[in-house]
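Undergrad: Work out the full structure, taking the sequences as your base and the hints as a guide.
Line by line, the protein sequences give chains A and B. All the letters of the first sequence, read from the start, carry residue numbers 22 to 86 under our numbering. All the letters of the second sequence, read from the start, carry residue numbers 79 to 328 under our numbering.
Some clues are possibly wrong.
Taking lysine to aspartate or glutamate and the EDC-like style, the derived pairs with C-alpha atoms no more than 20 Å apart in a straight line are [unchecked claim]:
hint	chain 1	residue 1	chain 2	residue 2
1	B	K172	B	E262
2	B	K172	A	E60
3	B	K163	A	E60
4	B	K163	A	D40
5	B	K163	B	D176
6	B	K163	B	D293
7	B	K209	B	E195
8	B	K172	A	D39
9	B	K163	B	E177
10	B	K209	B	E177
11	B	K209	B	D293
Beta-carbon label-pair distances, calculated as ranges [unchecked claim]:
hint	chain 1	residue 1	chain 2	residue 2	range
12	A	M22	B	G230	34 to 44 Å
13	B	S80	A	A48	23 to 33 Å
14	B	L321	A	M22	23 to 33 Å
15	B	G170	A	A27	27 to 37 Å
None of these hints come from the bench; they were simulated from the model. Here a beta-carbon is modelled for each residue, glycine too, at the ideal position from N, C-alpha and C.
Chain by chain, the residues:
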Amino acid sequence: MRYIAAFGRFWWSFVIGDDWRAAVGVAVAIGGTAILAAEGVTAWWLLPVAVAVVLYASLRRAISG
Amino acid sequence: MSSAFLVLSAFLASAVEMVEALTIVLAAGVARGWRSSLTGLAAATVVLAAVVAALGPALTVIPLRGLRLVVGALLLVFGLQWLRKAILRASGFKALHDEDAIFATELDSARTAASVERAGLDWYGFTLSFKGVLLEGLEVAFIVLTFGSTQGSIPLAAAGAAGALVLVAGVGVAVRTPLSRVPENSMKFAVGIMLTTFGIFWAAEGAGAHWPGSDAALLGVLGFVCAISVALVAHLRGRRRALAAAGAEA
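TA: So, in structure tokens, the structure goes:
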């Protein structure tokens, strides 16, 4: 059990890192892109805009934290 | 175009990780003996080869759209970590990565650690080298597998990584000191931009969006990510100067 928890912690730290909110923001943006695309609306623009917002917010948290 | 971009990305990302692994192997070798350090390096290389050999073929049987969605999302989250740290370093909010300082710290720890011998090896030197190469190598394996499988050519991504290995290992053997002259912080910035660019492109495609101009849109995404990164560095530098001025007045 200890090894499974350590394995999980390693992959969390490896992929998500120290700002889980950025990962949540990316997931929401990808979900939004999928919904727009499924509705037949042009969706390519959403992810770049969302990344700019997520990155800015993540940097603000980093310098104020 | 995207093939050259793929090889370049795999090469740069791998070179950065290999420079870091080299620093650890050198510290272990100098402080604890080359036999233990190089055995650790070899053991980690075998484990990494097994990981790539097991996961590489498995990834190629996943449908491309699903693969691009999952890999794009992972690369985007992973790339944003790199980019965020690179922007913080470039703007002065985080210390620059310094291989000489890391080497000195590792060397100091390795020299003061207790000596335990297992299987005829100095165990500290072996595990330091093994863990260092395995952890840095896993990032290389992750990038090679994700880039390669999504672009339909793991061998091409592996070729980029192999080029980096030959270059870093060759120079490392020749100079036997940490490669502190490598512009590592700039390379990390470039890798963060590339990971984020590929992540945006593939995740959007995997989610069902269609890029105007198809693959050529990758250049547009690259330009956009570069532009926001440079703008954020400039913004944070200004903020840092303002904070320093306010601190000086107080």
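Undergrad: Could you run down the list of hints and mark each one as holding or not?
TA: Outcome of the hint check:
At roughly 15 Å between alpha-carbon atoms, K172(B) and E262(B) fall within 20 Å of each other, so this suggested pair holds. At most 20 Å may separate the alpha-carbon atoms for a hinted pair to count; K172(B) and E60(A) exceed this at roughly 43 Å. Between K163(B) and E60(A), the direct Cα distance comes to roughly 36 Å. Violation of the 20 Å bound is thereby established for this hinted pair. A hinted pair counts as satisfied when its Cα atoms are at most 20 Å apart, and K163(B) with D40(A) qualifies at roughly 11 Å.
With a C-alpha separation of about 14 Å, the suggested pairing of K163(B) with D176(B) holds against the 20 Å cut-off. For the hint linking K163(B) to D293(B), the alpha-carbon distance of about 28 Å lies beyond 20 Å, and the restraint is violated. Restraint check for K209(B) and E195(B): satisfied, since their Cα atoms lie roughly 17 Å apart, inside the 20 Å limit. With a CA separation close to 14 Å, the supplied pair K172(B) and D39(A) stays within the 20 Å bound.
For the hint pairing K163(B) with E177(B), the CA-to-CA distance comes to about 16 Å; that is within 20 Å, so the pair holds. Distance hint between K209(B) and E177(B) is fulfilled; the C-alpha atoms sit about 17 Å from each other, no more than 20 Å. At most 20 Å may separate the alpha-carbon atoms for a hinted pair to count; K209(B) and D293(B) exceed this at roughly 38 Å. Against the hinted window of 34 to 44 Å, the Cβ-Cβ separation of M22(A) and G230(B) comes to about 39 Å, which satisfies the hint.
Taking the beta carbon of each, S80(B) and A48(A) are about 25 Å apart, inside 23 to 33 Å as hinted. Between L321(B) and M22(A) the C-beta distance comes to about 45 Å, which lies outside the given range of 23 to 33 Å. Restraint check, G170(B) to A27(A): a C-beta distance of roughly 35 Å satisfies the suggested window 27 to 37 Å.
Against the hints set out earlier in the document, violations occur for numbers 2, 3, 6, 11 and 14.
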